[in-house]
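Trainee: Chain by chain, the residues:
There are 2 protein chains.
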Amino acid sequence: MRILISNDDGINSRGIYELAKAMKEVGDVYVVAPLTEQSAVGHAITMKIPLRVTEHYIDGEFFGYAVTGTPADCIKIGIKNVLQFKPDLVISGINHGSNTAINIIYSGTVSAAREAAIMDVPALAVSVTNHRATHFEYACLAAQELSKKVVESSLPTGTLLNINVPNLPKEEIKGTLFTKQGKSKWDDSYLERQDPYGNKYYWLTGSLMDVDDELTNDQCAIKNNYASVSPIHFDLTDHEAFEMMNNWNIDSLKSIK
Amino acid sequence: MRILISNDDGINSRGIYELAKAMKEVGDVYVVAPLTEQSAVGHAITMKIPLRVTEHYIDGEFFGYAVTGTPADCIKIGIKNVLQFKPDLVISGINHGSNTAINIIYSGTVSAAREAAIMDVPALAVSVTNHRATHFEYACLAAQELSKKVVESSLPTGTLLNINVPNLPKEEIKGTLFTKQGKSKWDDSYLERQDPYGNKYYWLTGSLMDVDDELTNDQCAIKNNYASVSPIHFDLTDHEAFEMMNNWNIDSLKSIK
Numbered sequence: 001m002r003i004l005i006s007n008d009d010g011i012n013s014r015g016i017y018e019l020a021k022a023m024k025e026v027g028d029v030y031v032v033a034p035l036t037e038q039s040a041v042g043h044a045i046t047m048k049i050p051l052r053v054t055e056h057y058i059d060g061e062f063f064g065y066a067v068t069g070t071p072a073d074c075i076k077i078g079i080k081n082v083l084q085f086k087p088d089l090v091i092s093g094i095n096h097g098s099n100t101a102i103n104i105i106y107s108g109t110v111s112a113a114r115e116a117a118i119m120d121v122p123a124l125a126v127s128v129t130n131h132r133a134t135h136f137e138y139a140c141l142a143a144q145e146l147s148k149k150v151v152e153s154s155l156p157t158g159t160l161l162n163i164n165v166p167n168l169p170k171e172e173i174k175g176t177l178f179t180k181q182g183k184s185k186w187d188d189s190y191l192e193r194q195d196p197y198g199n200k201y202y203w204l205t206g207s208l209m210d211v212d213d214e215l216t217n218d219q220c221a222i223k224n225n226y227a228s229v230s231p232i233h234f235d236l237t238d239h240e241a242f243e244m245m246n247n248w249n250i251d252s253l254k255s256i257k
Numbered sequence: 001m002r003i004l005i006s007n008d009d010g011i012n013s014r015g016i017y018e019l020a021k022a023m024k025e026v027g028d029v030y031v032v033a034p035l036t037e038q039s040a041v042g043h044a045i046t047m048k049i050p051l052r053v054t055e056h057y058i059d060g061e062f063f064g065y066a067v068t069g070t071p072a073d074c075i076k077i078g079i080k081n082v083l084q085f086k087p088d089l090v091i092s093g094i095n096h097g098s099n100t101a102i103n104i105i106y107s108g109t110v111s112a113a114r115e116a117a118i119m120d121v122p123a124l125a126v127s128v129t130n131h132r133a134t135h136f137e138y139a140c141l142a143a144q145e146l147s148k149k150v151v152e153s154s155l156p157t158g159t160l161l162n163i164n165v166p167n168l169p170k171e172e173i174k175g176t177l178f179t180k181q182g183k184s185k186w187d188d189s190y191l192e193r194q195d196p197y198g199n200k201y202y203w204l205t206g207s208l209m210d211v212d213d214e215l216t217n218d219q220c221a222i223k224n225n226y227a228s229v230s231p232i233h234f235d236l237t238d239h240e241a242f243e244m245m246n247n248w249n250i251d252s253l254k255s256i257k
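Line by line, the protein sequences are chains A and B. Mapping of the first sequence onto this note's numbering: position 186 corresponds to residue 186, and the numbering continues sequentially without gaps. Mapping of the second sequence onto this note's numbering: position 129 corresponds to residue 129, and the numbering continues sequentially without gaps.
Hints in this document: simulated from the structure, not taken from any laboratory. Just so it is clear, the structure is predicted and the values come from calculations on it, not from any experiment. Any given hint might turn out to be false.
Pairs involving identical chains hold if they fit within one copy or between any two copies, as the list cannot separate such chains.
[Unchecked claim] Derived DSS-like pairs: lysine-lysine, alpha-carbon spacing no greater than 27 angstroms straight-line: (1) Lys86 with Lys174; (2) Lys149 with Lys223; (3) Lys80 with Lys200; (4) Lys80 with Lys174; (5) Lys223 with Lys174; (6) Lys48 with Lys185.
Using the sequences and the hints given, assemble the complete structure.
Mentor: This is how it looks when you write it as structure tokens:
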């Protein structure tokens with residue numbers, strides 16, 4: 001199995017190092033990851049400035065390629081120019097911090113896996129639920145096991161698995177649940193400050209409004225010390241709303257002449 | 001009706017100017033838009049650097065607030081700190097260039113409207129199908145008409161309308177169709193160049209693989225000179241795959257102890 005690995009925390013993060021090490025037990029591992037941290041960049045791609053790609057070494061040993069772009073950029077250029085072949089699997093992570101509920105929208109980690117799904121490559125996004133994550137054992141096991149599942153099984157083309165794992169020693173994790181994207185959102189606010197020249201600036205801050213209380217939701221599963229696995233796709237159409245709209249009268253726009 | 005307007009082409013673009021002018025016929029207009037162009041930033045939000053907000057004037061007249069961030073940032077800080085109230089409607093656009101099929105994933109325009117939908121505010125994203133768009137009349141009419149629809153009608157909370165309009169004089173547009181997100185994707189490639197110091201750099205390029213041939217798809221509708229209106233939401237769960245996965249055996253992860 002040929003496995004392309006990326007992330008959004010950057011090529012120097014511990015999570016991608018642990019993931020690459022674990023996946024070498026499953027197949028041939030290729031790392032193409034952002035040179036710098038790209039958290040919360042969503043599905044941004046770089047079009048107005050060119051990208052650069054450099055070899056990256058850890059302890060004097062070749063680890064992978066660093067790209068001066070976003071996670072989605074890394075998958076595009078990783079497959080098209082670095083590998084020059086379609087890998088059997090893409091894994092993004094292991095992210096330091098959860099990507100559940102609304103966070104999936106903002107996540108660079110999930111976007112890298114989604115870019116792979118767009119390119120018809122089976123993909124996993126893997127996260128551990130703490131920005132100071134220290135426990136990667138269960139996340140590595142989940143990546144190993146589920147990588148086999150997505151490659152051999154019949155997930156629809158364009159659907160990836162978004163895996164979240166509590167930041168706990170593996171024996172304290174209750175197991176893995178199949179889940180849906182939760183409904184919890186951020187209640188944002190902006191901290192106003194003044195720079196030394198008297199000008200205002202603003203920091204995004206906020207707290208998660210946790211409304212998920214069923215174990216079939218990713219956010220609730222991790223809260224209860226389960227790992228969660230959600231199938232995610234990029235069909236954004238609200239099909240129910242589409243059916244409903246057939247009753248709308250838009251004669252004013254139907255024939256404007 | 002109190003209407004917040006943003007975009008991804010930046011506060012100086014013609015599209016947002018035409019949209020603001022048109023929407024003043026419908027309600028009170030407030031503009032909070034990126035200071036600089038933010039195309040293809042997806043749903044990125046700014047967390048590692050602070051934001052700044054400045055008043056923006058056109059021909060000596062106050063036009064709105066410019067934010068040193070992304071389209072999603074503009075909606076968040078626009079509602080929380082600039083307006084300090086929830087508007088009745090958010091409109092993002094008018095974008096110069098279409099946001100159909102896979103482009104919805106990368107679009108800053110759609111992400112601004114989606115951020116509004118996340119905040120439970122009815123929202124429209126409006127685009128004209130050419131980067132050198134010159135015809136905004138029909139797009140303005142569509143924004144005016146559909147703004148009434150989304151405010152008074154029963155679109156589900158969290159669902160926005162993504163409107164695309166051919167870049168044509170309004171009498172050449174055949175009408176408006178309700179559509180779904182098309183399946184067309186980009187076939188990416190990277191142009192390799194060398195800087196004056198002998199180092200390689202890469203430009204993203206590519207062509208759209210147009211596979212949409214039904215008028216119920218946004219991409220096909222605009223190709224046939226119809227305006228398209230797709231209902232878009234942020235539930236990324238693949239519900240069918242979720243049902244299917246219940247048959248998967250993941251005993252190895254269910255109880256790892």
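Trainee: Give a verdict on every hint.
Mentor: Going down the list of hints, with the structure as the test:
| no. | hint | result |
| --- | --- | --- |
| 1 | Lys86 with Lys174 | neither (35 angstroms within a copy, 41 angstroms between copies) |
| 2 | Lys149 with Lys223 | within (25 angstroms within a copy, 39 angstroms between copies) |
| 3 | Lys80 with Lys200 | between (44 angstroms within a copy, 15 angstroms between copies) |
| 4 | Lys80 with Lys174 | neither (40 angstroms within a copy, 39 angstroms between copies) |
| 5 | Lys223 with Lys174 | within (11 angstroms within a copy, 52 angstroms between copies) |
| 6 | Lys48 with Lys185 | between (31 angstroms within a copy, 20 angstroms between copies) |
Violated hints for the displayed structure, listed by number in ascending order: 1, 4.
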